[in-house]
Amino acid sequence: MFSRILLAELLKIRRKWIVALAIIGPLGVVLLQAVNYGLRYDYLMDQYAGDPWEGLLGQVFWLKMPALFIGLALVASMSAGVEHSAGGWKQLLALPVTRLQVFAGKVAVTLLLLLFSCTLLLVFTFIFGLVLGLEVSSTPWAELFKQSYLAYLALLPFIALQSWLSLTMSNQAVPMTVGILGMVLSLISIALPDWTPWAWAYQVVEPGMGLTIAGAGTATGLLVILIGYAHFARKDAS
Amino acid sequence: MNKLLPTEWIKLRRSIIWLLLPISPLLAALSGWSPLDIGKEPLQAWQEALAVGATVHGLFFLPLLTGICAALICRYEHAAGGWKQLAALPVRRSSVYLAKMTVLAALLALLQLLYGAAMLVGGMLKGAPIDAIPWEMIGMLVGYGWLASLPLAALQLWVSTAWQSFAAPLAVNVVFTLPNMLVTNSEDIAPWYPWAQPLLAMMPQDRYDVGAFTVSVETLFIVVAGSFVVFLGAGWTSFLRRAV
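As you go down the protein sequences, you meet chains A and S in turn. Going by the numbering used here, the letters in the first sequence line up with residues 10 to 247, in that order. Going by the numbering used here, the letters in the second sequence line up with residues 1020 to 1263, in that order.
Only chain A is shown next, with the shape it has when bound in the complex (with noise of 0.2 Å):
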């Protein structure tokens, strides 16, 4: 049954430029990289003589975390959007579905969207690192993962967060407004306590932090899709 749900979600997104979103990413981060490294690449390769593949990965980690953080907010709002045009809600509550399928059917499919964005990147990034003349034999294939999964599970609250308001709501401007604010927030995260989950996103890279972050990361999300799909539930079906 759920494997029917979700193939008709993805019939629901084909055409309306949520899949190339979900490539443009990716591919926009690592293009940005390369226009960064094409300027001044002899002062980055020489700030990260000693290892040139780290410097790539910061640099890219911190291009695509704001990017990420935005970006998760437009896949959640644009699928739920097919459905808040022309009636859709409607005519998908009435059919022999439950609720609860009809939520797990949308916030999965922005979850497999960013999950493919994400090993994009990191495919990408490994081009992009063979490109610059990098080292095969060298690839920090765990930091390389790390900065790519770990940090998708340390955005989970945040995914599940943009969907259920996205779902929820049907003037879209309220959860890109709150999208915009986390994205900002995400970056002046410093200055917040480390308890944050916006902090979190950042920390997920930091030595020995990766795996407390992504569990905490996960727990959290949980709950907020469960507060999220409870929400859903009771909501009148406009």
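Be aware that one or more of the hints could be misleading.
As the list claims (entries may be wrong) - In the SDA-like style, the derived pairs of lysine to any residue whose C-alpha atoms are separated by at most 20 Å in a straight line are: (1) S:Lys1030 <-> A:Val183; (2) A:Lys99 <-> S:Ala1098; (3) A:Lys21 <-> S:Gln1183; (4) A:Lys25 <-> A:Ala95; (5) A:Lys25 <-> S:Val1194; (6) A:Lys25 <-> A:Asn180; (7) S:Lys1030 <-> A:Ser179; (8) S:Lys1030 <-> A:Ser94; (9) S:Lys1022 <-> S:Ser1114; (10) A:Lys25 <-> S:Lys1030; (11) A:Lys244 <-> A:Gln100; (12) S:Lys1145 <-> A:Ala200; (13) A:Lys155 <-> A:Phe70; (14) A:Lys25 <-> S:Ala1098; (15) S:Lys1103 <-> A:Gln100; (16) A:Lys25 <-> S:Phe1195; (17) A:Lys99 <-> S:Ala1099; (18) A:Lys21 <-> A:Ala117; (19) A:Lys21 <-> A:Leu36.
Since the hints were made in silico from the structure, they are not lab data.
Since the structure of chain A is provided, determine the placement of chain S on it from the hints.
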């Protein structure tokens, strides 16, 4: 035109926008003033706070909120067949488009005023001496930021009227706003980049002598005025030819 503006006001009056606009000014004032020590040089403290505030408000919030406001004032027309209704009324299409542009510019002016007010209140709460408030500098930066956001507003209004979807114009806006993090380092590109212009215009002069922040105000505003005319003209003509 003077009948269209009150109708636009009615459409906006009870909307959520009034809750969304103060978020960025409040956050900017908070991050600008909270880590700051007034010390013996109040003017320097104001400059520092305004520089941090401009970064928080101008780097992402202002360009992205411009896109959100543009999409929002087109939302009710897209959603409920409003364009058809407007086109059937005895008003010219040009007036409809210009009314939307005026409303968008007014919303951004309000956003800037809120930013200025929040920075002022932040400074007073922090105990900056009242007689040392640099009114002229604050007014100028707020106004410059508003003017520099107008080309982007015209561009986003064009995209928002052309596309039915609410999120698609925002997606375009986000894709072009994120490079701001790098673009503002480049003296050659940033003045030409509509998404970076508001931040450049709002940065107190001589505060940061790096990257594009050294570009002179005159250069910036020649580009701003030129691109505003181009984007408004393009959006306007495409709106005139568009099927409703």
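Hint-by-hint comparison with the structure:
| no. | hint | result |
| --- | --- | --- |
| 1 | S:Lys1030 <-> A:Val183 | holds, 17 Å |
| 2 | A:Lys99 <-> S:Ala1098 | holds, 16 Å |
| 3 | A:Lys21 <-> S:Gln1183 | holds, 16 Å |
| 4 | A:Lys25 <-> A:Ala95 | holds, 15 Å |
| 5 | A:Lys25 <-> S:Val1194 | holds, 16 Å |
| 6 | A:Lys25 <-> A:Asn180 | holds, 18 Å |
| 7 | S:Lys1030 <-> A:Ser179 | holds, 16 Å |
| 8 | S:Lys1030 <-> A:Ser94 | holds, 19 Å |
| 9 | S:Lys1022 <-> S:Ser1114 | holds, 10 Å |
| 10 | A:Lys25 <-> S:Lys1030 | violated, 28 Å |
| 11 | A:Lys244 <-> A:Gln100 | holds, 15 Å |
| 12 | S:Lys1145 <-> A:Ala200 | holds, 18 Å |
| 13 | A:Lys155 <-> A:Phe70 | holds, 11 Å |
| 14 | A:Lys25 <-> S:Ala1098 | holds, 17 Å |
| 15 | S:Lys1103 <-> A:Gln100 | violated, 25 Å |
| 16 | A:Lys25 <-> S:Phe1195 | holds, 19 Å |
| 17 | A:Lys99 <-> S:Ala1099 | holds, 16 Å |
| 18 | A:Lys21 <-> A:Ala117 | holds, 14 Å |
| 19 | A:Lys21 <-> A:Leu36 | violated, 24 Å |
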